[in-house]
Amino acid sequence: MGDDNRWVHPPPRYSSTFDEHSIAEIHRAAATGIYDIRGFGAKRKVPHFDDLLFLGASMSRYPLEGYREKCATDVMLGTRFAKKPIHLKIPITIAGMSFGSLSGPAKEALGRGASIMGTSTTTGDGGMTEEERQSSKTLVYQMLPSRYGMNPDHLRKADAIEIVVGQGAKPGGGGMLLGQKISKRVAEMRTLPEGIDQRSACRHPDWTGPDDLEIKIEELREITDWEKPIYIKIGAARPYYDTALAVKAGADVVVLDGMQGGTAATQEVFIEHIGIPILAAIRPAVQALQDLDMHRKVQLIVSGGIRNGADVAKALALGADAVSIGTAALIALGDNAPHLDEEYRKIGSRAGAYDDYHEGRDPAGITTQDPELMRRFDPVAGGRRLANYLSVLTLETQTIARACGKSHVHNLEPEDLVALTVEAAAMAGVPLAGTNWIPGAESASF
Amino acid sequence: MPTIDLEITSLREFNKMLHELAEGTNDTYFRVVNPRGRHAIAAGVDAPITVEIDGNAGYYCAGMNKRANIIINGSAGVGVAENMMSGRVHVKGDASASAGATGCGGLLVIDGNASSRCGISARGIDIVVKGSVGHMSAFMAQAGTLVVLGDTGDALGDSLYEARIFVRGKVNSLGSDCVEKQLREEHKEKLGKLLEDAGLAGEVDPSDFRRYGSGRTLYHFHMDNLEAY
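So the protein sequences, as listed, match chains Z and R.
Residue numbers for the first sequence follow this note's numbering, beginning at 159 and rising by one.
Residue numbers for the second sequence follow this note's numbering, beginning at 176 and rising by one.
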């Protein structure tokens, strides 16, 4: 036994604290002297919709017949003040993504897919392109802090206006579009020299708080003759107060984006460490709306990590009126597709892990302004893929709603849900499965 | 010559009337009385008309203006002529913060002083301030011109892109990457034209100004510039 090395040299032990990623990041930082910038949303594991389950119908409630009995999915947005609220056929919208970060054909595909399914797309930093307006039947026009491309004619052409205060990937952060993606057209739309790194501001230039924002919204309503729904988009941080203040400022719709929500580019430390998961943000936001008697009057759109119909159904059951997808929509277009793995490897990534959207070298031709790469992407086929995906999300949501006995997906409610973990139970405000225990329910305050 | 009394006509009715003017209308001059600091007066106009406001205006007066000539016989609140596309806005009194913010075109003339962030994120607007401007003016300004006859607050032109700044008085401090540049004849000529457009022909000598612009050192993110961020 004394000669047996197995007892002297056990297998190497890796640290849980200094795990593979942490060690690689220290080496990378030491070699380059600069933080890592990437796209995508938070990649760390956080409590999410997977930690919730639906109970379905049973002795005490009866289900609806699949494929037979009606389960409606439509949603009206902007019913509070707008003369022309938006009616969407499905409660799934496409999140704001800029022309600049995405190629023109990719934006077109988003418009095509969404329009086939009767839902909306959203512009992004950099303004509205004619192609986007043409391809999107319902288009939401973002007003961002940078105001790149902001134009009153586009405000009037839009179907709704979304004032972006923040986004889930980086609440409190601006943006940076690196020079390699600043083509002549992108530069012209943003009134900046071609090829420079474009900093997008983190604060709006002409208002600083909710009292000012209320007046800003009044101006936008005056300019557009009170026709357009006005959304306020916030990154999930202090959802109870932020939602209440958005209502106070006069929003028709609040868009709440969790930390899993994607971005075109920001520091990894920002993406992974600022903001909270969408699961933790929905109930406080809904509570704020209920406390103000504004639930269903000011609509709530949530986003950040929506992948399938179960996620949609869970978000709606927690009180949202609709969800928004960004990353999932890009994946539906072909982003991170397995057949491109070899090409992703050539640029130091892998299919399924690609997140360097800011570099503009996307082999799928989606997050690039390189004409060669852009040509690889067919906007008609891409639009069809997105429509298929949206259709599946909708069918899955209906499947769950019918199983819970609901004739409209908005009839899903927290009582239909239980949680698999104590954390999820506390965050979502639903009981731990098999118990009637909602951690923190007796002292819930935000 | 319609006179609009905002104590009688609601702001909504007035703005709607301006938005619905037919192209080539004979109604090209509107006088507004009793503005009493209301917000968004004459916002979103897209017509070659003149609107003269007798009194003080609130926030975002003449916001996103296109083509109109808007005169404020008083002072203006935050964001006067914000995101202006074209036309002319003349504030006879003082302007609050963010005057001409993100403006794309046209001319904004302020007879008095302008507060902080005057011309912030400007994208082509020309602004002439006969008094002084507050801190962070022309912050991240991309294109256009800011002319200040008086003094400026701190951090003038911080993170400036391609906008031009001319100051006759004292600059309290320059922001990151904003540098003084030589005032050449072609600049004096352009400045002279702008001063003329602002009604200052013959009153002010362009040679008395100093020119500021972007050092262009922050155009590409670079570790060596970290202290500037």
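Bear in mind the hints are in silico, worked out from the structure with no lab data behind them.
Mixed in with the good hints there might be a few duds.
[To be verified] Listed below are the simulated DSS-like cross-link pairs for lysine-lysine, each with C-alpha atoms no more than 27 Å apart in a straight line:
(1) Lys356(R) <-> Lys315(Z)
(2) Lys228(Z) <-> Lys455(Z)
(3) Lys315(Z) <-> Lys368(R)
(4) Lys191(R) <-> Lys267(R)
(5) Lys345(R) <-> Lys267(R)
(6) Lys356(R) <-> Lys368(R)
(7) Lys203(Z) <-> Lys241(Z)
(8) Lys406(Z) <-> Lys191(R)
(9) Lys228(Z) <-> Lys315(Z)
(10) Lys356(R) <-> Lys345(R)
(11) Lys504(Z) <-> Lys242(Z)
(12) Lys345(R) <-> Lys368(R)
(13) Lys241(R) <-> Lys242(Z)
(14) Lys191(R) <-> Lys241(Z)
(15) Lys365(R) <-> Lys267(R)
(16) Lys342(Z) <-> Lys315(Z)
(17) Lys241(R) <-> Lys356(R)
(18) Lys356(R) <-> Lys295(Z)
(19) Lys365(R) <-> Lys345(R)
(20) Lys455(Z) <-> Lys247(Z)
(21) Lys242(Z) <-> Lys368(R)
(22) Lys315(Z) <-> Lys504(Z)
(23) Lys342(Z) <-> Lys247(Z)
(24) Lys504(Z) <-> Lys201(Z)
(25) Lys342(Z) <-> Lys368(R)
(26) Lys356(R) <-> Lys241(Z)
[Stated by the list, open to error] Beyond 10 Å from chain R on every Cβ pair, some chain Z residues (computed):
(27) Asn163
(28) Glu178
(29) Leu246
(30) Asp311
(31) Met334
(32) Leu336
(33) Arg348
(34) Tyr399
(35) Asp449
(36) Ile489
(37) His497
(38) Gly506
(39) Val550
(40) Thr557
Cβ atoms here follow ideal geometry from the backbone N, Cα and C, with glycine treated the same way.
A quick look at each hint next to the structure:
1. Pair hint Lys356(R) plus Lys315(Z) does not hold up; C-alpha atoms about 41 Å apart against a cutoff of 27 Å.
2. As the CA atoms of Lys228(Z) and Lys455(Z) are separated by approximately 24 Å, the hinted pair is consistent with the 27 Å bound.
3. Distance restraint check for Lys315(Z) and Lys368(R): the Cα-Cα separation of roughly 35 Å exceeds the 27 Å cut-off, and the hinted pair is therefore not satisfied.
4. Simply put, Lys191(R) and Lys267(R) have alpha-carbon atoms about 25 Å apart, close enough for the 27 Å limit, and the pair holds.
5. Distance check on the hinted pair: Lys345(R) and Lys267(R) sit about 23 Å apart at the alpha-carbon level, within 27 Å; holds.
6. A C-alpha spacing of about 19 Å is found between Lys356(R) and Lys368(R), which places the hinted pair at or below 27 Å, so the restraint holds.
7. The hinted pair formed by Lys203(Z) and Lys241(Z) fails the criterion: a straight-line CA distance of about 42 Å is larger than 27 Å.
8. For the hint pairing Lys406(Z) with Lys191(R), the CA-to-CA distance comes to about 25 Å; that is within 27 Å, so the pair holds.
9. Between Lys228(Z) and Lys315(Z) the alpha-carbon distance is near 34 Å, which puts this suggested pair outside the 27 Å criterion.
10. Proximity of Lys356(R) to Lys345(R) is assessed by CA-CA distance (about 15 Å); at most 27 Å being required, the pair is judged to hold.
11. A threshold of 27 Å between alpha carbons decides the hint, and for Lys504(Z) with Lys242(Z) the separation of about 49 Å lies outside it, so the pair is violated.
12. Between Lys345(R) and Lys368(R) the alpha-carbon distance is near 22 Å, which keeps this suggested pair within the 27 Å criterion.
13. Taking the CA atoms of Lys241(R) and Lys242(Z), the gap is near 24 Å; set against the 27 Å cutoff, the hint holds.
14. At roughly 14 Å between alpha-carbon atoms, Lys191(R) and Lys241(Z) fall within 27 Å of each other, so this suggested pair holds.
15. For a cut-off of 27 Å, the pair hint linking Lys365(R) to Lys267(R) stands: about 23 Å separates their Cα positions.
16. The straight-line distance between the Cα atoms of Lys342(Z) and Lys315(Z) is roughly 24 Å, inside the 27 Å bound, and the hint therefore holds.
17. Among the hinted pairs, Lys241(R) with Lys356(R) is inconsistent with the structure: their alpha-carbon atoms are about 32 Å apart, more than 27 Å.
18. The straight-line distance between the Cα atoms of Lys356(R) and Lys295(Z) is roughly 49 Å, outside the 27 Å bound, and the hint therefore fails.
19. Distance hint between Lys365(R) and Lys345(R) is fulfilled; the C-alpha atoms sit about 21 Å from each other, no more than 27 Å.
20. For the given pair, Lys455(Z) sits about 18 Å from Lys247(Z) by alpha-carbon distance, which is consistent with the 27 Å threshold.
21. The suggested pairing of Lys242(Z) with Lys368(R) is violated, with an alpha-carbon distance near 45 Å, which exceeds 27 Å.
22. For the given pair, Lys315(Z) sits about 42 Å from Lys504(Z) by alpha-carbon distance, which is inconsistent with the 27 Å threshold.
23. Restraint check for Lys342(Z) and Lys247(Z): not satisfied, since their Cα atoms lie roughly 37 Å apart, outside the 27 Å limit.
24. Only pairs whose Cα atoms come within 27 Å are accepted, and Lys504(Z) paired with Lys201(Z) is accepted, the gap being roughly 22 Å.
25. For the hint pairing Lys342(Z) with Lys368(R), the CA-to-CA distance comes to about 30 Å; that exceeds 27 Å, so the pair is violated.
26. Proposed proximity of Lys356(R) and Lys241(Z) is contradicted: the alpha carbons are some 51 Å apart, above 27 Å.
27. Look at Asn163(Z): its CB is around 47 Å from the nearest CB on chain R, clear of 10 Å, so calling it non-interface holds up.
28. Once the 10 Å rule is applied to beta carbons, Glu178(Z) is consistent with being away from chain R; the minimum gap is 26 Å.
29. For Leu246(Z), the non-interface assignment is confirmed: its Cβ lies about 27 Å from the closest Cβ of chain R, beyond the 10 Å cut-off.
30. For Asp311(Z), the condition that its CB be more than 10 Å from all CB atoms of chain R is violated, with the nearest at approximately 8 Å.
31. Remark: the non-interface label on Met334(Z) conflicts with the geometry, its nearest Cβ contact in chain R lying 7 Å away (cut-off 10 Å).
32. Non-interface call for Leu336(Z) relative to chain R: violated, since the shortest CB-CB distance, roughly 8 Å, does not exceed 10 Å.
33. Chain R draws Arg348(Z) into its interface by the beta-carbon criterion, the shortest separation being 8 Å against a cut-off of 10 Å.
34. Listed as outside the interface, Tyr399(Z) is consistent with that label: its C-beta sits roughly 24 Å from the nearest C-beta of chain R, beyond the 10 Å cut-off.
35. The non-interface label for Asp449(Z) is consistent with chain R: the shortest C-beta to C-beta separation is roughly 28 Å, beyond 10 Å.
36. With a closest Cβ-Cβ approach of about 28 Å to chain R, Ile489(Z) is found to remain outside the 10 Å limit, as its non-interface label requires.
37. For His497(Z), the non-interface assignment is confirmed: its Cβ lies about 34 Å from the closest Cβ of chain R, beyond the 10 Å cut-off.
38. With 10 Å as the threshold on Cβ separation, the claim that Gly506(Z) sits away from chain R holds: the shortest Cβ distance comes to roughly 20 Å.
39. Residue placement check: Val550(Z) keeps its beta carbon more than 10 Å from all beta carbons of chain R (closest about 40 Å).
40. Even its closest Cβ contact with chain R, about 46 Å, leaves Thr557(Z) beyond 10 Å, as expected for a residue assigned away from the interface.
Of the numbered hints stated above, those contradicted by the structure are hints 1, 3, 7, 9, 11, 17, 18, 21, 22, 23, 25, 26, 30, 31, 32, 33, listed in ascending order.
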